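Once you've looked at the hints, dock chain B against the given chain A.
For reference, the chains in residue letters:
2 protein chains.
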Amino acid sequence: MNFERNNIRQMAGYASGEQPDDELTIKLNTNENPYPPSPQVNEVLNQFNPASLRRYPPATALTFRRLAAELHGLDPENVIATRGGDELLRLVITTFVDPGEKIGMTDPTYSLYPVLAQIQDCPIVEVPLLDDWTLPGEFARSMNDAKVKLTFLVNPHAPTGALLPIDLVSKLASKLDSILLLDEAYIDFVDHDYQTSHLVKQHDNLVILRTLSKGYSLAGLRFGYGLANHSLIEPMLSKTRDSYNLDLISQLIAEAAISDQGYASGNWVKVITERARLKDQFHALGLLCNNSQANFLLVTIPDSVNCSAADLYKNLKERHILVRYFNTERLDDKLRISIGTRAENDQLLSTLGELLNPS
Amino acid sequence: MNFERNNIRQMAGYASGEQPDDELTIKLNTNENPYPPSPQVNEVLNQFNPASLRRYPPATALTFRRLAAELHGLDPENVIATRGGDELLRLVITTFVDPGEKIGMTDPTYSLYPVLAQIQDCPIVEVPLLDDWTLPGEFARSMNDAKVKLTFLVNPHAPTGALLPIDLVSKLASKLDSILLLDEAYIDFVDHDYQTSHLVKQHDNLVILRTLSKGYSLAGLRFGYGLANHSLIEPMLSKTRDSYNLDLISQLIAEAAISDQGYASGNWVKVITERARLKDQFHALGLLCNNSQANFLLVTIPDSVNCSAADLYKNLKERHILVRYFNTERLDDKLRISIGTRAENDQLLSTLGELLNPS
Chain A
1251 MNFERNNIRQ MAGYASGEQP DDELTIKLNT NENPYPPSPQ VNEVLNQFNP ASLRRYPPAT
1311 ALTFRRLAAE LHGLDPENVI ATRGGDELLR LVITTFVDPG EKIGMTDPTY SLYPVLAQIQ
1371 DCPIVEVPLL DDWTLPGEFA RSMNDAKVKL TFLVNPHAPT GALLPIDLVS KLASKLDSIL
1431 LLDEAYIDFV DHDYQTSHLV KQHDNLVILR TLSKGYSLAG LRFGYGLANH SLIEPMLSKT
1491 RDSYNLDLIS QLIAEAAISD QGYASGNWVK VITERARLKD QFHALGLLCN NSQANFLLVT
1551 IPDSVNCSAA DLYKNLKERH ILVRYFNTER LDDKLRISIG TRAENDQLLS TLGELLNPS
Chain B
1251 MNFERNNIRQ MAGYASGEQP DDELTIKLNT NENPYPPSPQ VNEVLNQFNP ASLRRYPPAT
1311 ALTFRRLAAE LHGLDPENVI ATRGGDELLR LVITTFVDPG EKIGMTDPTY SLYPVLAQIQ
1371 DCPIVEVPLL DDWTLPGEFA RSMNDAKVKL TFLVNPHAPT GALLPIDLVS KLASKLDSIL
1431 LLDEAYIDFV DHDYQTSHLV KQHDNLVILR TLSKGYSLAG LRFGYGLANH SLIEPMLSKT
1491 RDSYNLDLIS QLIAEAAISD QGYASGNWVK VITERARLKD QFHALGLLCN NSQANFLLVT
1551 IPDSVNCSAA DLYKNLKERH ILVRYFNTER LDDKLRISIG TRAENDQLLS TLGELLNPS
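In order, the protein sequences belong to chains A and B.
Heads up, the first sequence is in this note's numbering, so the first residue is 1251 and it goes up one at a time.
Heads up, the second sequence is in this note's numbering, so the first residue is 1251 and it goes up one at a time.
No lab work stands behind these hints, which were simulated from the structure alone.
On a predicted model such as this, the values are computed, not experimentally measured, just so you know.
Just so you know, even glycine gets a beta-carbon here, dropped at the ideal spot from N, CA and C.
Calculated from the model, a selection of chain B residues having no Cβ within reach of chain A, i.e. all distances over 12 Å: (1) P1373; (2) L1385; (3) R1391; (4) S1392; (5) S1420; (6) K1425; (7) Y1444; (8) L1535; (9) E1579.
So, partial list: chain B residues that the calculated Cβ filter (under 8 Å) puts toward chain A: (10) R1255; (11) M1261; (12) G1263; (13) P1307; (14) A1469; (15) R1472.
One chain only, chain A, in its complex shape:
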């Protein structure tokens, strides 16, 4: 007997990027940070007393929330700590969107959003991005006209790396009748001063998502957080969140990592520098890419190159370099390539050179 709900039976799950467990592969397919986390993380592990695991962890990660609040010029009541950004996305839906109500997003966008909408049995309203990957001017009106209850925007955008101007974020929050979830998973890799957290004081419908996965090299830890007006944080914190959603070790590691801004930002600069170099080199190889403010580049394989994006993905994989290929309209002539270490990027460039310009 199949006990699944109808909406669950009809959906497919989220397809995450390949995770090979060999050491040989250069892994540029899931936007992981190429550098290890802060040495302070090692300290936490060295000093950790395993006996403390027998007790329940701090239920709401208050110490971490205090640190995050301080970092962003907010109060702890404006912060919720979550098991990766993914838990925050789910909580926003569970708390604020009834089944049958609509969830808005751009096309393309982070492919987890539609999956989470389907789990809650919510129809999706998709607005295509313009040819240059910017938002159409009528975006907020389209969402309001469709009576959307929650809008997801990833900024910098995935998979293009395009960044919204801050005043546009503020205008969108003002114009939207409902909640705006601004997914800042990649925000740490913006190459100029760019701060949005003050906007949650101005807009009671804005939730900003942050994660330690990319900027703090902690994808394996599953730790993120949300910033918002207390009226949005409170029901997620006290009602819909799994009680004890964050284990003790994760909390301690996250506290150490977010406190070591100097180390993290040093890595951001390295990624930004390599991103600029890679972009130039891709152009030199006859490939195209837009400006990206994320830790990846969306690379177009033009017709002039005697190899499709799909084939290039396969050829790179055969040579132990993994990148991301999306077999969907508007993206099927492109590859999304995460920024690796300088050595990894050199290997990528020389392999691309061999594949695209065989002697």
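Chain B alone, transformed into the frame defined by chain A:
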């Protein structure tokens, strides 16, 4: 503006037990294991390479699932690993129960169940336990008549510690028209051989919940798992679970802990021995308690004792001993007391002696 869904606005969150962070308090209120986790957990932490955190963790915890499957004589496809038992409870609802459909449980039961039902906007069907805390004979029929889609049973029962006979579990699974979630959070403390995992081969509607929080002294880790027919596991594993729900360190620690059955079962024996001693000593003090197969005792404060349960709770707390008091019908003359170490239990007994028989 209040953006909460109606059902969320109307509900209260789960109230977890107090978690004082002082070292002085003897904490017998949240059923934590009084002994530290396996020394193998220390080994995992000592050998852990923090650099590995920069990558995403194994998405479905396959190594842990293989170990759990082996332990229970099942296949990995019969196992889902979850962030504590709580995540499994949520996933069973999300995957199999539409909003508006009914969720069944006993009264009393684990107080998280009604909270999770409210989040999914599901009405609750409660069947009162008999005076001796056993299930009424018509329990399954009551659930079927009410068209319940999911029934929660905690076994051993919380907060009474009563254990269902295995053949009754099997009969209930056969009789119920829908899914039976058997919550075995406390199963490791049963004082005789008691195995139910083979039942998932016979009943395609049975989900067994296990957790490492109690039996393996890892409440701080947030790690549990579910055992069921593949048709029930698969949609939770591939569709409704948060992608990467378990961080890397937790997976490694859980693998080590579940592999060290000798260490864990040694602690179970200690708890069982202390439980028997405490029960006798409570009787000697004029208090009453049933047989419990869990790591706690539900202690009735009879009228003959010149102190109410509520007052006794307060008086113990003033003396730095925390126990659990439920201010609800049928439980308000009782205290639920977790089994501590021998030294903690001695302190509890001597303090109770002073409070109940002041000289």
